[in-house]
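Participant: Listed here are the chains, written in short residue letters.
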Amino acid sequence: MAAADTPSATLRHHDLCSRGIRLARKMRSDVTDLLDIYVQRQGLDASISVAAVDGVPAAAAERWAEQTGTQRLLDNLAAYRAFRSLLAQMLEEQREQLGDADAELGPALAAVLLQVSAFTYHLEELLELESRGAPAEEGSEPPAPPRLSLFEQKLRGLGVLRELAQWAVRSVRDLRQLAKHGPGSGAALGLPESQ
Amino acid sequence: PQNLKCVTHNLHKMVCTWDISSKRRHGQAEFCYTTNDHLPRCYKTKEKRVEIPVPESSITVKITTYSISGTAFATRRFEINKKDISFVPLAPHILSLTPDFSTFTLTLKWSDNGSAFPYGLDASWEIEVLRKETMEDVTRESYNSKLTHEDVIHSWKWKSDMPLECTSHYVRIRLYINVTQFDGHKDWSDWSPVEVIPGKDTEPSGSGLFPQDTVVAVGSNVTFCCVHEEGRQVQRMSYGAKDYPLIRLSSRSSAIRVLNANASDASGTNIVCRMSENGMDGTVLFVGYGPDIPEELSCETSNFVIIKCTWKPGRASGLYGVRGTKYSLIESISGKNVSCEVNEMKKERVCGFPVLADQKTYSFVLGVSNPIGQTEASLLVDLNQRVHPETPEKLTVSGNSSTSVRLHWYINGSFAEIRLLCQIEISSAHSEQKLHNVSMPGGRFSTYTAQLNALHPYTKYRFRVRCSAADHFWRWSGWSGTEEHTTLEA
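Heads up: the protein sequence lines correspond to chains A and B, in order. Just so we're aligned: the first sequence equals residues 1 to 195 in the numbering used here. Just so we're aligned: the second sequence equals residues 196 to 685 in the numbering used here.
Worth flagging that the hints you see were computed from the coordinates, not collected in a lab. No experiment lies behind these values; they were computed from the predicted model shown. If a hint is listed, it holds; no wrong ones were tucked in.
The list that follows gives simulated cross-link-like pairs (lysine to aspartate or glutamate, EDC-like), each with its CA atoms no further than 20 Å apart:
(1) A/K180 <-> A/E128
(2) B/K503 <-> B/E539
(3) B/K521 <-> B/E536
(4) B/K507 <-> B/E495
(5) B/K521 <-> A/E96
(6) B/K589 <-> B/E620
(7) B/K507 <-> A/D100
(8) B/K542 <-> A/D102
(9) B/K277 <-> B/E251
(10) B/K541 <-> A/D100
(11) B/K521 <-> B/E539
(12) B/K200 <-> B/E242
(13) B/K531 <-> B/D577
(14) B/K507 <-> B/E571
(15) B/K327 <-> B/E398
(16) B/K555 <-> B/D577
(17) B/K437 <-> A/D45
(18) B/K541 <-> A/E104
(19) B/K354 <-> B/E321
(20) B/K327 <-> B/D295
(21) B/K531 <-> B/D553
(22) B/K304 <-> B/D317
(23) B/K257 <-> B/E242
(24) B/K341 <-> B/D317
(25) B/K507 <-> B/E490
(26) B/K541 <-> B/D487
(27) B/K555 <-> B/D666
(28) B/K503 <-> B/E571
(29) B/K208 <-> B/D279
(30) B/K521 <-> A/E93
(31) B/K542 <-> A/D100
(32) B/K541 <-> A/D102
(33) B/K521 <-> A/D102
(34) B/K521 <-> A/D100
(35) B/K541 <-> A/E96
Here chain B stands alone, though its shape is the one from the complex (with noise of 0.2 Å):
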C-alpha cells in the first residue's frame, strides 16, 4: 500500500485512499487506525478507500493487504498528521438558472449547503459563464458569503453583453471555505455541473435577428446576432448603411458589436442580416438619453379648478411614439395621480391637475419615464399663493354723472376663497395714464365692479383692467380689452 491521501469535505469525516504498488491480484484490505487515546479501529474493504471521522490530532494508520484466498501480502503504517488532511469542500448543487430574455440577464439560483459545516465560516465562490458550441470562457466572477450552519440559497445575476437567444450559455460554480483553524492543506471544490440556457441556434426551426426592436442608451455598446437555420450561411450584417466584421458564435449563429452607438432617427436605426439564398432578416434598435430631470417646475391655478403644472424638459430623448417620454403628476398628500399627454415636439410642457376639495396644500412629484430611465421632481404648493387669474372679459363702463363711472367685468374662475387685487388703467388724450388698484372678495364665475371717481367732465377715457390674488400675489392676469367712455359734461 502507498500514497495513502486522507481529504475531508465537510470536516468531520474524511475519505482515505491509497494505492497497491504491485501487479498481482488483490482481494481485501484491512485498513485500522489509532489515535493517542483509543484502541485501533479496523475496517476490511476491498475499495482501497475507507470514510473515518476527521482525527482531532495525529494518527497511526496500518493497511495490511490480502490475496484472493485471504493470505496477508503486504503491511504499511502511515504517520497522518491534521496537516497532512486536505479540506476540499464538495462541489456545489446549482438549484437553478433562469435566464431573463428581454435584459439579457440570468439568474442563478444555489444551496450554500451550509448546515454541513460550522457557524461563521468565510465562503468564497467562484462562477464562471462560458459561451458558444466551444464554450469559450467569458467570465469568471467571485462570490463571498458567511455560512451560518443552515442551508441558506443565494441568488447572483449576471447580464450578458448580447442576446441570450445567440448562442447557449452555460454556468458553473465552486467553492472555497476559509477554514483559519484548519491546520491541513485546503482547496477549491470541483466545478458543479454546468447548467445551460440554450440559444436559439440549437432550436430546430430558431432563427431570427437579436436583440428585437431594442431601445438602449447612446453610447452604449450592442451586440447584435443573426441566428438562421442550418446550411446557410450569413453573407453580411449592416448596422445602418455600415456593414460589420462577423464574429462567429456557432454554425447557425453571427453576431456584429456595434460601439459606442449614436443616437438613432425617430424610426429606429436598421440592423439587416444578408444571407445566401437571398436570406434576410432584421430590427431595429432605438438609442436616446434617458429622460433628464425637469427644470422649473412651477404649479398655479388660473380659476380653482385646473392647477396646471409646467416645466423646462431638458435634453430631448430622441424616442418618440410609444417609445417617448412619459409623464405623471402624482399628489401624494391626496395620493391622486394624473398621467399628462405631452407633445414632445413642443417645448412647452404642461400637465393639468384637478383642484381638490378642502384641499390648500399640495405635494406634486412630477414623473418622468422612458424606456432608458426615470426620474422626478418635486413641488409643494399652497394654491392661495400661485394663483393666476385668466383674462378678465366682458369689460363694461356705464355711468351718467361728469366725473365718475362704474366698471364691470367678468373673470372665470372660482375666487370666493380669496381676495382680489384688480388693477384699473385709465388712459385719456391730455392725462397722464393712471393705474388706480381696487381690491374685493374673490367671486364664484362672476362679475366684479368697481366704481372710479374725480373724472374730468366731457373727456373720453380709455379703461382696461387686470386682476390677481390679493393676499398672496403671484402673477397678473392678462389686461381685458380696452373700453371707451366718455363723461358727461359738467
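Just chain A, same shape as in the assembly (with noise of 0.2 Å):
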C-alpha cells in the first residue's frame, strides 16, 4: 500500500500534527496539576523517589532523534494506551478507597483519563495516515495487576502520573517532527511497505 502523500492528506497530516501538540500541552499542565492535588491529596511527600512502575512505558527513549515519524507513533500510541488502561485501574481504586469523600482527585483523575483516550484516538487517526493503521490493542484486557499495599498502589498512581507529565513533554517534541517531515515519513526512511 502506497505512502499517501496527496496536498490534502498533508493538509490533514499537518492539522492532525498541531492539534495534536496543543492536546498534549494541555495534558501536560492537567498532569501537573493533578500530580500536585494527588501528592497532597495522598499525603505523600513530594519528593519521595518511585520506582519504575510495571507497564508505565518510559518516556526516555535512546536513539529519540533516529526514530521514524511511524515509530514514533507507535510508541505514543502503545504508551497511551497503557496509560489508559492504567489511569482507569487508578480512578476505580480511588472510587473504592475514597467514596463521596473524593470531590476534587477523582474528576481531575477522570478529566486526565479523557484527555489520554482523545489523544489515543487522535494518534490512530495519525497513523491512519500513514496508511499503515493503528495496530489492535493486544488482547482486551490488560493482566490483571498484582496486588498492592495501599502505600504500593499510592506510590504506583504517582509513578504513572509522573511518567504520563514525561510523556505529554515528549509527545509534543515528536508531534513536532512528525509535522516537519510530512504524513509517510516512516516509509521516507526506507521502511518495508506495509504489506
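The task is to assemble the complex, starting from two chains supplied on their own in separate frames and drawing on the hints.
Facilitator: Quick look at the structure:
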C-alpha cells in the first residue's frame, strides 16, 4: 500500500499534528496540576522517589532523534494505551478507597483520563494517515495487576502520573518532528511497505 | 547421706533425693522407710532418688550407702514430717499457641491436668509473654481456675501492642496449686517449655511494614515496625510528615510508636520506612471514629409501597470508601434485611424498605458498622400511623355552576386500606382564604374528587389541595399546584 502523500493528506496531517501538539500541551499542564492534587490528597512527600512502575512505558527513548515518524507514533500509541488502562484502574481504586469523600482527585483523574483517551484516538488517526493503520490492542483486557498494598498503590499512582507528564512533553516533541516531515515519513526512511 | 528432700508433684507420690558427702566411689544405696503402722520398706538404688507414696503422717527414713564391692559405708536416719514435704506441681504443658495476625492476638491453650489432683483445688496460673531476640519480658499475667479432677483445656487470649509479624513472641506458663490442707511447703511449678510465634524478621525473605493498611480509633496508640533483609539498616521512619524515634526489635526489625493518633485524612496517614541502599517501604493507617448511635430514627410511607427511614448519623466517622460506615435495616418480624446505600458526605441519611403484604407493624433495627465499631437503633412502627402521602398531582377544577365546583386530583400510592383526609385551600381576590377539609376512602393509585359548594358567582378562585391519613394523622403531603377557576355568572 503506497504512502499517502496527496496535498489534502499533507494538510490533514499538519492539522492533526498541530491539534495533537495542543492536546499534549494541555494534557501536560493538567497532569502537572493533577500531580500536585495527588501528592497532597495522598499525603505523600513530593520529593519521594518512586521506582519504575510495571506496565508504564518509559518516556525516555534511546536514539530518539533517529526514530521514524511511524516509530514515534507507534511508541506514543503503545504508551497512551497503557496510560489509559492505568488511569482507569487508578480511578477505580480512588472510588473504592475514598468513595464520596473525594470531590477533587477523582474528577481531576477522570479529566486527564479523558484527554489520554482523546490523544490515543488522535494517534490512531495519524497512523491511519500513515497508511499504516493503528495496531490492534493486544487482548481485550490488560493482565490483572498484582495485589498491591495501599501505600504501594499510592506510589504506583505517583509513578504513573510522573511518567505521563514526561510523555506529554515527549509527545509534543514527537509531533513536532512529524509535522516537519509530512505523512508517510516512516516510509521515507526506507521502511518496507506494509503488506 | 545428707540433704534428704522429699517433693510431691501430685499429692500422691513423692520423690525423695539425697546427697553423698564423701568423695569415695559408691555403688548402690538402700533406702528404707517406716510409717508408724507399717513394717519398713526398702529400695535399692544407684540414683540417690526414690519415689514413694506421700505418707499420711511422719516417716522415719534410713539410708545406707555401699561400696562398689557391696560393703556398707554409712547409714543415716532421717525423720520426715508432713511439713518437710514440698508440693511443687509439674510444669504445665502448652497445647497450642495460635496467632491472629489481623488482631495482633495470641491464643494460648493448655490442659490443667486436673485428673491428677483431688476435686476442687484452686489453681493459679502465671502466663508470661516475652519478645524480641533478647526474649525481653513483655507481660506476666495471672489466670485462676478450679481443678475438677478432670483434664480441662483452658484458653487465654492476649493482644499484643504491636503486630505479631514485627518480631518473635514467646509464651510460657507455670502453675501454683493452693492445697490448704497440705502442711508442707508449696511452690510454683517450673515454667513450661516456651512456645514461639516467629516474627517476619526470622523468615529468610521476610520484610515489610506492619501493620498493613489498618484502621484504628482516634486516640489509639499504634506501633509500626519495619522488617527488612539482613544487612540493611533502617535510617528513619515517619508517621505522616514527622519522623519518630526508632525502637530496635531485632537486627532485622525496627519500630516506632505513635501515641494518641489523630483522625487521618480520607486517604489515610502514610507511614514510610527509609532504609539504607535506597530501600523504602510504607503502609497506610486510617484513624477514625466508630459509628454513633443513629438519632431521630423515623420511618414512614408515602405510598404503601416503600417505607422510608431517615435518621441523623451523629459524628462523622472520618472513614470513607471501602472503610466507610455501612447501614442495614433489619425487620425482625419478617426477618427481612436490607442494606442501605448512603452517601457519607450528605447530611441526610435515608434507607428504603419494601412494604410487605399483610404486615402492618414493623420492628426495625438500623444496624450501623464500620471497621472500628458497630451500633444500632431500633423502632417499632405501625405503618397506618406513619402515612405521609405524596404531593397530589394533576389537580383539575370543573363545574358549570355559579356556586359550586368539582376538584379532581391524583395521588401516587396505594391507600386502599386507610381513609384520607384532604384539605382544600380556597382563595379569591375579595374574600378570606378558606380551608375546606374532606375525608374519603383511600384508593390504589387513583384520582380523587371533591365538590365545593356555596361559592360566589362569577368569581375567580384559586384552589390547591393536600392530604394526610384521616385516622392517625402523621404528616400532610405537600400542597398540589394551584388551579384557577371562575364560577359562572348567577
